[in-house]
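Trainee: Residue numbers (the working numbering), protein chains in the order written: chain A, 18 to 97; chain B, 0 to 703.
The set of hints was computed from the structure by calculation and includes no laboratory data.
It is possible that part of the hints are untrue.
If you only want the chain B side, here are some residues facing chain A, beta carbon under 8 Å, derived [what the hints assert, rightly or not]: (1) F106; (2) T244; (3) V488.
Every residue gets a Cβ at the ideal spot worked out from N, C-alpha and C, and that includes glycine.
If you want the building blocks of each chain, they are given just below.
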Amino acid sequence: MIKIQTLSTIATLVKGEIGIISEESLDVIPLKLLEMGCLPGVEVELLQVAPLKDPLYICVNGSHLAIRKEMASQIKIIKS
Amino acid sequence: MENPKPIKVALIGNPNTGKTSLFNQLTGLTQKVGNYPGVTVDKKSGNCKLSGNKTAIITDLPGTYSINPTSVDESIVLTSLLNTTDKDFPDIIVVVADVENLKRNLFLFSQVKDLEIPIILAINMSDQMERKGISLDIKTLQEELQTEVVLISSRKKIGINKVKEAIENCAVVSNTHPLCSINHKIDGDYFEKLKEVSANHTLYELWLMITQNNFPDSLTLEEKTKLMQFTQDASRVKRYQHKETIHRYQQINQILKRTYKVDRSKAKDLRAKLDKVFTHKIFGYVIFFGVLLLIFQSIFDWSTVPMDFIDAQFANLSEFVTKQMNAGVLRDLITDGIIPGIGGVVIFIPQIAILFLFVAILEETGYMSRVVFLMDKIMRRYGMSGKSVIPLISGTACAIPAVMATRTIAGWKERLITILVTPFTTCSARLPVYAILISLVIPDKKLLGYFSLQGFTLLSLYVLGFAIAIISAFILHKLLKVKSTSFFVAEMPNYKLPSIKNVILDVLEKTKAFVFGAGKIILAISIVLWFLASNGPESFKNIEKTVTENTAHKNLSFSEIQTKISSAKLENSYIGIMGKTIEPAIKPLGYDWKIGIALISSFAAREVFVGTLATIYSVESDDESNSTIKERMRAEINPETGEKRFDLAVGMSLLIFYAFAMQCMGTLAIVKRETKTWKWPMAQLVGMGILAYVASFITFTIFS
Chain A
18 MIKIQTLSTI ATLVKGEIGI ISEESLDVIP LKLLEMGCLP GVEVELLQVA
68 PLKDPLYICV NGSHLAIRKE MASQIKIIKS
Chain B
0 MENPKPIKVA LIGNPNTGKT SLFNQLTGLT QKVGNYPGVT VDKKSGNCKL
50 SGNKTAIITD LPGTYSINPT SVDESIVLTS LLNTTDKDFP DIIVVVADVE
100 NLKRNLFLFS QVKDLEIPII LAINMSDQME RKGISLDIKT LQEELQTEVV
150 LISSRKKIGI NKVKEAIENC AVVSNTHPLC SINHKIDGDY FEKLKEVSAN
200 HTLYELWLMI TQNNFPDSLT LEEKTKLMQF TQDASRVKRY QHKETIHRYQ
250 QINQILKRTY KVDRSKAKDL RAKLDKVFTH KIFGYVIFFG VLLLIFQSIF
300 DWSTVPMDFI DAQFANLSEF VTKQMNAGVL RDLITDGIIP GIGGVVIFIP
350 QIAILFLFVA ILEETGYMSR VVFLMDKIMR RYGMSGKSVI PLISGTACAI
400 PAVMATRTIA GWKERLITIL VTPFTTCSAR LPVYAILISL VIPDKKLLGY
450 FSLQGFTLLS LYVLGFAIAI ISAFILHKLL KVKSTSFFVA EMPNYKLPSI
500 KNVILDVLEK TKAFVFGAGK IILAISIVLW FLASNGPESF KNIEKTVTEN
550 TAHKNLSFSE IQTKISSAKL ENSYIGIMGK TIEPAIKPLG YDWKIGIALI
600 SSFAAREVFV GTLATIYSVE SDDESNSTIK ERMRAEINPE TGEKRFDLAV
650 GMSLLIFYAF AMQCMGTLAI VKRETKTWKW PMAQLVGMGI LAYVASFITF
700 TIFS
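Whole structure, please, built from the sequences with the hints as guidance.
Mentor: If you want it as C-alpha cells, here you go:
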C-alpha cells in the first residue's frame with residue numbers, strides 16, 4: 018500500500034480528520050502541552066472548531082484539549 | 000493507651016479526576032480552610048478516622064497536570080513536595096487518577112513516585128469502566144508501578160475504606176523506588192554530577208529544584224550554590240525536560256500496554272453529542288446567554304424572600320435589644336453599631352450562595368470549559384482569554400475570588416487585563432446600594448405594562464458594568480505594553496452530573512470565607528463609624544447647651560429640640576467634620592456631607608454605604624423609633640432646596656459613582672498580592688475613581 022504523505026499542521030486538519038504529530042515539532046510544543054500528552058508520534062484528531070474558527074478542540078493521546086490556532090499552526094503533523 | 004500520631008496524607012491529581020470528591024468522602028465536615036504561608040491559595044485539610052484509634056490528616060493539594068508548575072496554585076504542589084523538613088511534609092501521598100485517561104494521570108504519578116515518598120494510586124471513576132469498555136489488570140499494574148493500587152468511585156462511595164486501609168498499610172511498609180530512571184536515558188554524566196551535589200535529596204528532587212528554581216530551606220548554602228550552576232545552561236535544562244517528558248510517556252505506554260485495554264466499540268460517546276449542541280455556532284451562544292439570564296434571574300428573584308426576612312429579623316433584634324437594655328453607651332453601640340453592621344453582611348448570604356451554587360454546578364458538569372472554548376476568540380479581541388469569562392461571571396458575586404480565579408489564565412497580559420477590569424462587574428456588595436437607591440428614586444412603574452422599571456434599571460446597571468469592563472479591557476489592550484507570551488490550553492473534561500455533596504460543600508466553604516472575610520471588615524468599620532459619629536472635639540461636648548440656648552429655638556417643642564440636638568451632634572462629630580471637609584469636592588456630583596461620610600466609609604467596602612447611612616440616620620434620629628433605613632432616607636430633606644435629599648439626579652449620580660469607583664480594600668489587597676506590586680491596585684483606584692467622578696458629574700448635570 019502506498020501512503021501519500023503531506024506535511025501539514027494541526028490547524029490544517031478538517032473536522033474529524035486524524036494526523037500524527039511529527040518528530041520535528043518537539044521544539045515548538047510547550048512543555049505543558051507535552052505533559053498533557055501532545056507528543057511527537059501520537060495521533061491527533063480535530064474534534065471541533067469554535068464558531069469563530071478559533072480555538073480548536075482536539076483529542077490527543079486520550080486528552081481532550083482546546084488550543085489556539087496560533088499554536089496549532091506551529092505543530093506539524095503527517096496526514097496518512 | 001496513647002493515641003498514635005496522625006498520619007499526614009496529601010491528595011494529588013489532575014483537575015477533574017474527582018480528587019476533591021474523594022477528599023470530601025474521607026473527611027466529611029471536618030474540613031478546615033487555611034492559607035499556605037505567603038500565598039492566598041486555599042489550603043484544605045480535614046481529619047479522617049482510620050481503624051482503632053488511628054487517624055490521618057488529609058490535605059487536598061490543588062489539581063495539576065504535572066509537578067512542573069505554570070501557575071501559583073500548581074507551585075503549591077511542588078513546594079509542598081520539596082520541603083522535606085517542613086512539619087507539614089506528607090508521610091504518604093495518594094495520587095488520584097481518572098480511569099478514562101489513565102495515561103496522562105500516570106504521567107503525574109510517575110513524577111511524584113520519583114520523589115521517593117510513600118505513595119498510593121487511587122484509580123477513580125471505576126464504576127464507569129464497564130460502560131466505557133475499559134479493562135484493567137490491577138495485579139500486574141501494582142507490580143509494574145511497585146505501588147498499591149486501589150480502584151475507587153468517590154461519587155458512589157466505592158472503595159473509600161480500601162483507601163483508608165491502604166493508608167494504614169503504606170504507613171507501615173513504605174516501599175519507595177523511583178519509577179522512571181530519568182538519568183542515563185537522557186544524559187548519564189550530567190545526572191551523575193547532579194546526584195553528587197547532595198546526599199540528602201533524591202536525584203529527581205534535585206532536578207526539580209533546578210528546573211523550577213525552587214530551592215527549599217533543607218539545602219545547605221554550598222549545595223545551593225552548586226545547584227545554581229546547573230541552572231546557567233537554560234536551553235539544556237529545557238531540552239532535557241522535553242526529553243524527560245517523552246521518556247516518561249514511553250515508559251507509561253509500555254506499562255499500560257500490558258495492563259490496560261479499551262474496547263472502543265463499547266464506548267458510547269455522549270460527549271461528542273453534547274459538544275455538538277453546547278459549542279454550536281448559534282445554539283452554543285443561545286444556551287450560554289440563557290444560562291446567564293437564569294443566573295441573574297435567580298440572584299434577584301429567589302433571594303428577595305430570604306433577604307427581606309433577614310432584614311426584618313435584624314430590625315426586630317435591634318428593637319428587642321433597645322427595649323431590654325438600659326439606655327447608655329453600650330446599648331447605642333449594640334443597636335446602632337454592631338447589629339446593623341452584622342446585618343449588613345448576613346443579608347448578602349442568599350445572593351452569594353446562589354451565585355456560588357451556579358458557578359459550582361457549571362464547573363462540576365464540565366460546561367464551563369465549553370464556555371471558555373466558545374468565548375476565547377471574542378475575548379481575545381479585548382485582550383483577554385476565554386478563561387476570563389469565569390472571573391467576570393464570578394465577579395458578579397465578589398471580585399476577590401474572581402481575581403483569584405484569573406490564575407488559570409497562562410498569558411500574563413491577558414491575566415492582568417482581566418484582573419484590572421473585573422472590579423467593574425457588578426458585585427453583590429453593590430447590590431444593596433443599588434437596591435436602596437433604585438427604590439428611592441425610580442418610580443415603581445411597569446414598562447410596556449410588563450417589565451418593572453426598577454428591575455430594568457437594575458439590569459441596565461449590570462449591563463453597564465460588563466460594558467465598561469469590556470471597553471476598558473479594549474483600551475488597556477491597546478495601551479499596555481507588557482511582555483507576555485500568550486499560551487492557551489484548556490482541558491475539555493467529560494460531562495458529568497454534579498455531585499450534590501461536592502456542590503454543597505463548595506458553596507458552604509466559599510460563602511463562609513466571604514462572610515467571615517468581609518464580615519470582619521464591615522463589623523469593624525461599623526463600630527469605628529459609630530464611635531466617630533458619637534464622639535467629637537470640644538465643640539461637640541457643649542452642643543446640647545448651645546442648641547437649647549439658641550434663641551431661634553425658643554418656640555420649638557421638646558422633641559423638635561431633641562432632633563436639632565441630634566443633628567447638630569452629628570455635624571460636629573469627628574465623622575461629621577470629615578464629611579464636611581470633603582463636601583466641596585463632592586458638591587458638583589450632588590452630594591452633601593452625610594453622603595460624603597458614606598462615601599468615605601465605602602472606600603473600605605461598598606456595602607458599608609447602606610450600613611453607614613443607617614448608622615448616621617439612627618444616631619441622628621431619636622432612639623425610640625426603629626423605622627427602616629429606607630423610610631429614614633426618604634424623609635431626608637435637602638435644606639437648600641427644601642426638596643427630598645434623594646431625588647432622581649442625586650440617586651442616578653450615586654448609582655453611577657458606585658458602578659465605576661474602586662471602593663473595596665479587599666480587592667485592592669488581593670490585586671496587590673496577585674500582581675506582586677502596588678502599581679496595579681493604585682492604577683485601579685485612581686483610574687476608576689476619576690472615571691466615577693467624571694461620569695457621576697455628567698449624570699448629575701443631565702438629570703438635574
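Trainee: All hints, please: hold or fail.
Mentor: Here is how each hint holds up against the structure:
no. : hint : in the structure
1   : F106 : holds (6 Å)
2   : T244 : holds (5 Å)
3   : V488 : holds (5 Å)
Going through the hint list in order, the structure satisfies each hint without exception.
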